[in-house]
Amino acid sequence: MALLFARILTSDIVMSKVLKYMPELEGEEQVTVALLMKPMNDEQAERFSHVYRQRRKDPTLTLVTALLGFFVIAGVHRFMLGQIGMGLLYLFTGGLCLVGTIVDLINHKSLTYKYNAVQANEIASLIHRAIPGRDPDLLTD
Amino acid sequence: MIRRIPFEAVIWTAGLIALACTDPNEPGLFELCAFKWVGFEWCPGCGLGHAVAHLFRGEWLASWNAHPLGGPALLILVGRIATLVRDAWRSSSPASSHPI
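Residue numbers (this note's numbering), protein chains in the order written: chain Y, 1 to 141; chain D, 1 to 100.
Hints are computed from structural coordinates only; laboratory data are not their basis. Watch out, some of these pointers could steer you wrong.
Coverage of chain Y stretches by chain D, computed from C-beta distances (three or more under 8 Å per stretch; other residues unrestricted) [as the list claims (entries may be wrong)]:
1. 82-91
2. 107-114
Going by beta-carbon spacing under 7 Å, a handful of chain D positions derived as facing chain Y [to be verified]:
3. C43
4. G45
5. A73
6. I76
No experiment lies behind these values; they were computed from the predicted model shown. We put the CB at the ideal spot given by N, CA and C, even for glycine.
If we strip away everything but chain Y, and leave its shape as in the complex, we get (with noise of 0.2 Å):
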């Protein structure tokens, strides 16, 4: 199973579109991102790399916005990440006393990875509605 699931993931027809429409992508984010786009037609992968550069956060500004916790303010990440609930709590208690802040800047690339593959889905899923493709199954190229 794991190894079919590589086997698939490092295939040339998996990887083409990401690379070609957003090759500064890298590790966990270009995987995903390659399989919400292997269906799309030209048109639709344009449309949304343009959509998804909009919208994605890179991970290095999660780490300065965290960073801010031990100068200025915490929380700025979590906010910046849509979490409101988690940004208060941070924003009020210095970050739970820094150690929030300290476990955030470890985890900053998986905090921003999954807030990245959210927006991914819904961009992709609306790129499906707006602009109608061929039928994914019959895509062969």
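Use these hints to put chain D onto chain Y, whose structure you have.
Showing chain D alone in chain Y's frame:
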């Protein structure tokens, strides 16, 4: 089966369990504040650990006096753990991982 247990959920759960097992009425038993480790006298979150520990024992007034945000903090953290576990559960079931 959960393929990967989220790191963040483990930290919050461990923290809450640790607080539930601790007696907040014993003086100087635990010091969780990283600001104090580096020499600051006070930070906005100080007392939060005691507040949550009091909550687990039903000592509402003591909890409020330790830190008024003890209740909201507990609710938000439990909610966050639930979200993380739900997401991990969803992404581990192959049928729903890429809904197109």
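Hint check:
Given as covered by chain D, the stretch 82-91 of chain Y passes the check, having 5 residues with a CB less than 8 Å from a CB of that chain where 3 are the minimum. Coverage of the stretch 107-114 of chain Y by chain D holds [criterion: at least 3 residues with CB-CB distance below 8 Å; count 4]. With a least beta-carbon distance of about 4 Å to chain Y, the hint placing C43(D) at the interface is held under the 7 Å criterion. The beta carbon of G45(D) is positioned within 7 Å of a beta carbon in chain Y (closest approach about 3 Å), and the interface hint is therefore held.
Evaluation of the A73(D) hint against chain Y yields a held restraint, the C-beta minimum of about 6 Å falling below 7 Å. Hint status for I76(D) relative to chain Y: holds, with the closest Cβ pair at about 4 Å, below 7 Å.
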